[in-house]
Amino acid sequence: MKSIKKTTREDGEETRMRLIQCAGRLIADQGYDRTTSKEICRLAGVNLAAVNYHFGSREGLYKAVLDEVYHYVISPKEISDIYHMDAPPREKLMKLLDLYVKEALFSESWQVKVSIRELINPSAVFSTFAENYIGKKLTPVLDMLSAYLGLPAEDPRVSRTFLTALSPFLIFLLSGHRQMGLVMYGLSRRDKEQKMEEADMLKEFVFAGLDRLKEKWEK
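In the numbering used here, the protein residues as written are -2 to 216.
Just so you know, not all the hints are guaranteed correct.
[To be verified] In silico BS3-like pairs for lysine-lysine, Cα to Cα no more than 27 Å straight-line:
1. K133 <-> K211
2. K99 <-> K211
3. K200 <-> K35
4. K213 <-> K200
5. K74 <-> K60
6. K35 <-> K74
7. K92 <-> K200
8. K60 <-> K211
9. K134 <-> K60
10. K200 <-> K211
11. K35 <-> K99
12. K133 <-> K74
13. K35 <-> K92
14. K200 <-> K134
15. K92 <-> K192
16. K74 <-> K200
17. K60 <-> K99
18. K216 <-> K192
19. K192 <-> K134
20. K74 <-> K213
In short, the hints are calculated from the structure, not lab data.
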């Protein structure tokens, strides 16, 4: 009996994860508003009742998709590992920038594509989700930035600097979006060598700005 229950439980978890993956792929391609539970279940190979059974509603399923995005795109663990490194603030920030570069230039996952869609046109579900989760990632990031700038973490200049430093990554993320990519790069796709050059340029650009502000505030 125990083995049967275990198999049922494992099957249920497998179905749940398959629904999240299939929903994520469809939403990445066509958006949350245009993706139906019927399409998701067809792709996942399950009956329509599975969405309500595992998530309570289509909105509940999308919250689970966003939770996957939250843990995949620059995960809390990756940030925590850098935060707790025994290293100077600049080295920590450089490793953090490497994570942003990886997502902005090299990742083509559905998780990143969903995050891009939410940047372009935030859904009501995302707005509620962001209030509860995004701050958990930002706190250690702002602490690392404040240590480099020599400012208290609660200083409003720290959060403003973070937004400024993040803006070029947002531009490159958006350039990966199909329509924006056509505007910025024409019909051709960027190759790996070009992306590596862009990665170095991004990091150099960000640190030049940080160092200029740091120098200004130290006077």
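For each hint, the structure was consulted:
Taken as a hint, the K133 and K211 pair is honoured in the structure, with Cα atoms around 25 Å apart against an allowance of 27 Å. Restraint check: the Cα-Cα separation between K99 and K211 comes to about 26 Å, which is no more than 27 Å; the hinted pair holds. At most 27 Å may separate the alpha-carbon atoms for a hinted pair to count; K200 and K35 exceed this at roughly 43 Å. Distance hint between K213 and K200 is fulfilled; the C-alpha atoms sit about 20 Å from each other, no more than 27 Å.
With a CA separation close to 20 Å, the supplied pair K74 and K60 stays within the 27 Å bound. A distance of roughly 34 Å separates the Cα atoms of K35 and K74; the hinted pair therefore is violated under the 27 Å criterion. Of the pairs offered as hints, the one joining K92 and K200 holds, with about 10 Å between alpha carbons and a cut-off of 27 Å not exceeded. In summary, the hint linking K60 to K211 is not supported, as the alpha carbons are separated by about 39 Å, beyond the 27 Å threshold.
Of the supplied pair hints, the one linking K134 and K60 holds, its CA atoms being roughly 17 Å apart against a limit of 27 Å. Straight-line distance between C-alpha atoms of K200 and K211 comes to about 16 Å, which keeps the hinted pair within the 27 Å bound. Among the hinted pairs, K35 with K99 is inconsistent with the structure: their alpha-carbon atoms are about 34 Å apart, more than 27 Å. Simply put, K133 and K74 have alpha-carbon atoms about 11 Å apart, close enough for the 27 Å limit, and the pair holds.
The straight-line distance between the Cα atoms of K35 and K92 is roughly 42 Å, outside the 27 Å bound, and the hint therefore fails. With a CA separation close to 20 Å, the supplied pair K200 and K134 stays within the 27 Å bound. With a CA separation close to 17 Å, the supplied pair K92 and K192 stays within the 27 Å bound. For the suggested pair K74 and K200, the alpha carbons sit about 22 Å apart, so the restraint of at most 27 Å is met.
Our distance criterion of 27 Å between C-alpha atoms is met by K60 and K99, whose separation comes to about 24 Å. Between the alpha carbons of K216 and K192 the distance comes to roughly 37 Å, so the proposed pair goes past 27 Å and is violated. At roughly 26 Å between alpha-carbon atoms, K192 and K134 fall within 27 Å of each other, so this suggested pair holds. Annotation: proposed proximity of K74 to K213 is violated, straight-line Cα distance about 33 Å (limit 27 Å).
Going through the hint list in order, the structure does not satisfy hints 3, 6, 8, 11, 13, 18, 20.
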